[in-house]
Structures are given as structure tokens and as C-alpha cells.
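**Student:** Residues per chain are reported as follows:
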Amino acid sequence: MKGNLDALLVMFGKEPKKYKRLTEQAQAIHLVKKEQIRRLTPEEIAEFKQELKEIKQGVHSNKWRNRRWMTIIIVNLFFTLSFWIDIQLFEGSMIASRVFGFHMADIYSALQVVLAYKIVFINLIIGTVTVVIIWVLLGGRAFCSWICPYHLLADLAEKIHLKLVAKKWIKDHPFHRGVRGIFWIVFALLAFILGYALFNSLNPVGIVSRALIYGPSLALLWVFLLLLVEIFYSRRAWCRYVCPMGLTYGMVGALSPLQISYHLSGCHHEAACNAVCEVPHVLECVKKGRADQVKIDIGTDCTLCGACIDVCPTQSLRFEIKGLSLIN
Amino acid sequence: MSKLPNSSPRYQASRRRFLRTVGLFVGVLGASLATFLPVIAKWVPARLRPPGAIDEPEFLASCIKCGQCVQVCPVEAIRLADIDEAMGIGVPYIDARAQACDFSCDAVQCILACPTGSLNHTIVKKEEVRMGLARVASPDKCLATQGLGFKGQARGADFQGLLRYTEIDRWNPIPVRDHPYDLALCDLCVRECPIDNAISLQPIDTEGKRKMPVINEACVGCGVCEMICPVEPTVIVIDERKMWGEGTA
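First to last, the protein sequences are chains S and P.
Under the numbering used here, the very last position in the first sequence is 328; numbers go up by exactly one each time.
Under the numbering used here, the very last position in the second sequence is 1249; numbers go up by exactly one each time.
Simulated from the structure, these hints should not be mistaken for laboratory data.
Careful, some of the hints might be misleading.
Stated by the list, open to error - Cut-off 20 Å, straight-line C-alpha distance, at most; resulting in silico cross-link-like pairs (EDC-like, lysine to aspartate or glutamate):
no., chain 1, residue 1, chain 2, residue 2
1, S, K118, P, E1056
2, S, K118, P, E1058
3, S, K118, P, D1055
Said to hold, decoys possible - Chain P is nowhere near these chain S residues, computed Cβ spacing over 12 Å in every case:
no., residue
4, L9
5, I29
6, T41
7, R98
8, V120
9, I170
10, S209
11, I213
12, P257
13, R318
14, G323
On a predicted model such as this, the values are computed, not experimentally measured, just so you know.
No residue lacks a Cβ here, since even glycine has one placed at the ideal position from N, Cα and C.
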């Protein structure tokens, strides 16, 4: 499972823990590495620096990114085409749908409706449970990076943001990650008190998904504003600090066997993965001397986007289905 | 963090981050409340909701804004509200004058499609629907009350609206403009009404030359009469959510 208590707390905004007690094997590897670093020749050091520089310039695989973007586009296209050519296999949008007749409903959007309406409708329960099961199997926040149409737009906004930061034209302004949990609770409370699913109105995922299927709307201006904030002010602001939908999928993902795992022994500790990660707090363990175990499961806030796998020069990060290695 | 001296850069950075975060919180919350304000303040007149819509506050509370009702409607009568309509972004409504619900689907598909019960699933027949009530808004403009006939396309050559003409094709609605009329006395609202006994023409003079449409209790408020009325602006309108026996709003 992706989640343990520490990983959950980190997702809700806590700083990642510095483990004082490392396993013996991990300690041994850290020691060996220390020794190796001491013995590095200047040429070898230059080689490492060159390697990192090239990665940061974009010399790395884009395998997972390409697969991911294809998936987002194809899945969303299914919904759009299904409506346009009226084949009724993918009805509805990312918020609630019927796929091959099966009800699906986004968990947090459904929660908003239930809290506002105060009556629970059976189809909504069926839809929500279906979605929970799917994303327990597929890794929770994998919804974000593999399905969510807003995520793709935010990916592009992030690319521009990073270019501008590299040119020193702008600076990233991080927020406190804990505010996402507060949003989650406040929007849930407001839905209950006001009797109106406030968050569902301005949820950019719903707005983009509906625009893709039913045609563009003025509500896209809100999405555009969010993207401007992400480009010029704060990197990936919505996904990192606001989206209660994503947080909900993160909670679901805590139960998931699908995860990315970190393997200490081969790691060069260049932290190239950290730099590309949407949620870098889950990759604290890759820093020199930090890993408390030889193999570490990346926390439940991880969106399984695979960006870290793409940039890692040593294959120290891998997709893994927990328990499968026991069978083999 | 509180142990750091006030002047330390780390303290200052974390203080700035805290203030930024408060700004983000207030901003996003403010934006979401801004979408709600016009809804409670009722800045826009009530709109016609799809068949089976439960009471307006509950309807707005329960709609998850997925658009599945939009997808199943064969005449695409259902639209989703946009930001400028100030009535809940993504909530479905029907603009009857542009495209009324003509029950082409027979089985009230939108109700079956609704995943949250915003459209009441206990309704299984079109006759049980109550979206509102038709009303003759300007009787003196009505062609029938003037004893006039009607010839040509009901809403002109540019009108996009669809209607199912059972006598032409039971399963496929066609554009209203493709079905011109030639009537000695205009009775379009009565002729095209999809509900039995919902509307009838009553004579208003002794010779029976001039007649007036009268709305009966069977009216479900689907809006076909409003769509088909050839007079501009329409003589007959739907009062949204009005029930039989309620006084004029």
C-alpha cells in the first residue's frame, strides 16, 4: 500500500520526517556512498555534473510523459466523440458519467452533492463506489496525472513557468501545502451549511471537461485565470495547494498497491527527480543520507505521473505493484 | 518556526508564505462565493428546468453538473448554464422558445440519465411531468383570436429548432423549418402539443371564426406551444414551475 500514517500526514501538509533511525542495510549503503564520494576523481565529479546538467536541459526519456498525455487525450476524446457521434458508450463528463452503462461519479463532487442535498441517491453511491474501487486499484492520484483534463493544461502552464523561472524573469511563490486540507474541509462544510455544492461550480476539472464535451463556455475564463497564476506566480498552484478532488484521490490511493518505489543503492542523489516532481515533498527520501530503508514506497500524494522515472539516470525509481514481487 | 528570531530570513520567508496562503484561501473562497451570490440573490429570472426537476433549491443542491441529461436528449433541448447566466455554472435548463422539450424520447430519458435524483425518478411518463404551466400572455396578438390562418414555416427559414412530427417520422425529429403549414385558422399550439388535452381552442365569438387557446390541467409546461407560436414575440409562454391552481405569479 502506498500510504502509511507519515505519508498521509505529509499529504495533508506536514513537512516530511527526517528519520533518525535508519535500517542497518540503509546505513551501510549510505556509508559506502560517503566513502565513494570521498574517493571520486575530479574527472568523475565533472562527469556527474555533466550528467545532471544534461538532464536539466531535457536530455532524458519522455516515455511516461508521452504515454500519460496520450492517455489523457484519448480518454477525454472518448467522451467528446461519444457525444458527437452519439454512440452513448461514454456519457457525461469527468464529474459524473456512465461508461458502458456503469455509473461513475467523482468522489469529492459526489460528497459535495450529498452534503448539500442531504439525501443520498443510490446511483450516486454506486457511481462513487465504482470510482473508489477503480482508483484503489490504479493508484489514487493517478486520476490526476493520467485522466484529469485540467492536469494536461497545467502541465503546459508548468513548462512555461519553469522556462520563465530559468530565465530569472519570475520567481515561484510556494504556498503552505496544508491549505489544501483546509479547502477540503471548508468546501465540505459550506456545501452542508449553504445547501449548495459551491466547489462544483468553479471546479476547473468540471469546467474543462464540460467545455470539451458540450462546447466552450465563458467559465473557461476562470480556468484561464488559474493557468495565468500557475504560469506567472506559483508553480502548479491549483493541483498542489487547492484541488480537494486530487486530495480525495490521494486518500483513496493510500490503499493502493500501485506505486512508485525508490531504490537507494544505485541512486546518485542528484535530485533531478525532485526538480521535475509535481509534489516534491514525496521525494524527500532521495536526498543524500535521508533514506531510512533500502527500498522506499513513494507516498500517497504521488500522482504516479512517472516524470521522476523519466529523468532518473540510474533507474532508482520504478513503478511497482506491491505484493507482485512476493509472487515472482 | 516561532523559535526563529523575527529578523531571520527563514522567519521572514515563512511569514510571507503564510500571508500568501491566506491570500490564496480568501481568493478561491471569494471566487466560489461569487458564483453563489447571484443564485441566492435571484438576479436572473427563473429558468425552465428539464422534466422532473425537483424544487429549485434542492435541484441546485443536488445537481452534480455532469451533463448526462444534455447527452440523452434527442432534440438537444437541455443546455448547461454558463458563468454569465448567474444560475449555477453547469446546471441544465431549457430555453423553450429556441428548442422545447417535445418528448421525442417518450421515456423521459433525461430523468433516467440523472445520477443524483435532481430529476425525479418516480416520474415514468411524460404526462406526469410538471415543468411549469403555459399561459397566453398576449391574447390580442394571437392569430386565432384574430380569426387569422397561418401559411409557411412556423418560425421562419433560419429557425434551428426540432420537432417530432409523428405522422412524418415516429423516431426522428425534424427541423420545424422543413415542415411548412397551410392553416385556415392558426392552431399550431394545439396541433403540435405532445400532451393530450393540455391545450384547446375555444370559440370567442358566436360564429366560431375567432378562437382562443385555453390551457387545461393536463399541461406539463414542456414549451412546445411557446416554441411553435409563429407570432413575435410569442403569444404563449411557460411560467416556470407554476402548478395548476396557483394564482398568476
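**Student:** Can we confirm that no CB of chain P comes within 12 Å of the CB of S/R318?
**Tutor:** At about 33 Å from chain P, S/R318 clears the 12 Å cut-off, so the statement holds.
**Student:** Per the stated criterion, does the least C-beta distance between S/G323 and chain P lie above 12 Å, as a non-interface residue requires?
**Tutor:** 34 Å, holds
**Student:** In terms of Cβ atoms, is chain P entirely out of 12 Å range of S/I29?
**Tutor:** Since the minimum Cβ distance to chain P is about 31 Å, S/I29 lies beyond 12 Å and the statement holds.
**Student:** Given the hinted pair S/K118 and P/E1056, is their alpha-carbon gap at most 20 Å?
**Tutor:** 15 Å, holds
**Student:** Between the alpha carbons of S/K118 and P/D1055, is the straight-line distance 20 Å or under?
**Tutor:** 14 Å, holds
**Student:** Test the statement that S/I170 is away from the interface with chain P: the closest C-beta pair must be farther apart than 12 Å.
**Tutor:** Nearest chain P Cβ is 15 Å from S/I170, so the label holds.
**Student:** Can the restraint linking S/K118 and P/E1058 be considered satisfied, given a maximum Cα separation of 20 Å?
**Tutor:** 9 Å, holds
**Student:** Holds or violated: is the Cβ of S/V120 farther than 12 Å from all Cβ atoms of chain P?
**Tutor:** 9 Å, violated
**Student:** When you look at the beta carbon of S/S209, is every beta carbon of chain P farther off than 12 Å?
**Tutor:** Violated, because the least Cβ-Cβ distance between S/S209 and chain P comes to about 9 Å, which does not exceed 12 Å.
**Student:** Say whether it holds or is violated: S/T41 keeps its Cβ farther than 12 Å from all Cβ of chain P.
**Tutor:** Non-interface label stands for S/T41: nearest chain P Cβ at 36 Å, farther than 12 Å.
**Student:** Please settle this one: S/P257 was flagged as non-interface, so is its CB more than 12 Å from every CB on chain P?
**Tutor:** 29 Å, holds
**Student:** Just want to verify: S/L9 was marked as not at the interface with chain P; is every Cβ pair farther apart than 12 Å?
**Tutor:** Correct as stated: the minimum Cβ-Cβ distance to chain P is 17 Å, above 12 Å.
Hints 7, 8, 10, 11 from the earlier list are contradicted by this structure; the remaining hints agree with it.
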